[in-house]
Amino acid sequence: MLAFANYFGDILQQPAYIRKGETEEYLPPLVLTLANAAPEESSVNIRPNYQELLPHIDHYWLPVPSSGSFLYAVEVPENGPNTYWVNLAQAYDELDDATKEQISGLQVRYFNSYGSKDRDEYGQPKYAAGRAPEPGERVAIHPLVRTHPDTGKKILFFNAASDVDIVDYDHVEGAKLVAKLQEHIKQPRFAYRHQWSKGDLLYWDNQATAHYRPEFDANATRILKRVSLRGSRPF
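All residue numbers for the sequence shown refer to full-length UniProt numbering, where the first residue is 1 and numbers rise by one.
Don't take every hint at face value.
To be verified - No more than 27 Å apart at the CA atoms, straight line, and that leaves these computed lysine-lysine pairs for DSS-like: (1) K100 to K180; (2) K100 to K154; (3) K186 to K100.
Claimed, not checked - DEER-style ranges, computed between Cβ atoms: (4) F8 to D217: 30 to 40 Å; (5) F8 to P63: 18 to 28 Å; (6) D150 to P63: 15 to 25 Å; (7) F4 to T99: 32 to 42 Å; (8) L201 to E78: 13 to 23 Å; (9) A132 to Q102: 18 to 28 Å; (10) D150 to S104: 13 to 23 Å; (11) R233 to D168: 13 to 23 Å; (12) T221 to D168: 39 to 49 Å; (13) G105 to N219: 42 to 52 Å; (14) A220 to L106: 32 to 42 Å.
Worth flagging that the hints you see were computed from the coordinates, not collected in a lab.
Using N, Cα and C, we set each Cβ at its ideal position, and we do this for glycine too.
Between the sequences and the hints, there should be enough to build the whole structure, so can you do that?
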């Protein structure tokens with residue numbers, strides 16, 4: 001898988017502060033296991049991974065997120081869950097002109113709150129105006145509208161799975177805008193739905209998509225392997 005992915009770009013070295021237990025050597029992996037159960041022959045301590053995943057961009061919490069990823073299905077349940085990829089270029093194009101003008105030039109501060117149970121009353125990550133990072137928590141600032149480095153298209157570079165803060169923006173209006181964008185990118189017409197089969201290998205452009213999946217039965221074994229490619233700083 002690594003050799004194949006290398007044809008398409010440089011492999012992203014996972015950050016050193018990734019949770020211990022995701023590799024046998026406790027080192028940053030090049031191939032990341034995404035699973036809710038470890039293979040019998042492996043001593044890897046897999047953390048539970050069956051809860052709902054909200055629309056997110058991989059490595060959004062890094063100053064330079066990955067450009068794309070390969071995901072290989074080692075073992076998947078017969079009845080799902082599906083994974084959905086959101087076309088963030090289309091999501092931007094279908095914003096009304098007033099919203100496009102409103103978000104032009106805005107910068108968003110993202111907190112690495114992946115897996116956090118700290119949600120608002122509707123189950124969404126919180127608008128984190130003014131909050132300080134927790135110990136060890138990574139924070140990155142990205143443009144809300146980025147330009148795709150290859151196509152030149154404008155992308156609604158919005159991550160709905162983390163606490164966010166719009167830089168130098170009114171807190172009340174910022175919270176309203178974030179809630180609006182969270183709902184906007186969840187519209188089914190923006191999404192591709194993939195029904196997994198064992199042996200599937202998918203690639204996605206992490207510069208122009210977000211992805212999500214519903215919660216599934218914790219007793220259903222689901223093991224996937226991911227390799228990510230190095231990207232460029234969003235602009």
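The hints, checked one at a time:
no., hint, in the structure
1, K100 to K180, "13 Å, holds"
2, K100 to K154, "10 Å, holds"
3, K186 to K100, "18 Å, holds"
4, F8 to D217: 30 to 40 Å, "34 Å, holds"
5, F8 to P63: 18 to 28 Å, "22 Å, holds"
6, D150 to P63: 15 to 25 Å, "20 Å, holds"
7, F4 to T99: 32 to 42 Å, "40 Å, holds"
8, L201 to E78: 13 to 23 Å, "19 Å, holds"
9, A132 to Q102: 18 to 28 Å, "27 Å, holds"
10, D150 to S104: 13 to 23 Å, "21 Å, holds"
11, R233 to D168: 13 to 23 Å, "20 Å, holds"
12, T221 to D168: 39 to 49 Å, "47 Å, holds"
13, G105 to N219: 42 to 52 Å, "48 Å, holds"
14, A220 to L106: 32 to 42 Å, "40 Å, holds"
Checked against the numbered hints given earlier, the structure satisfies every one of them.
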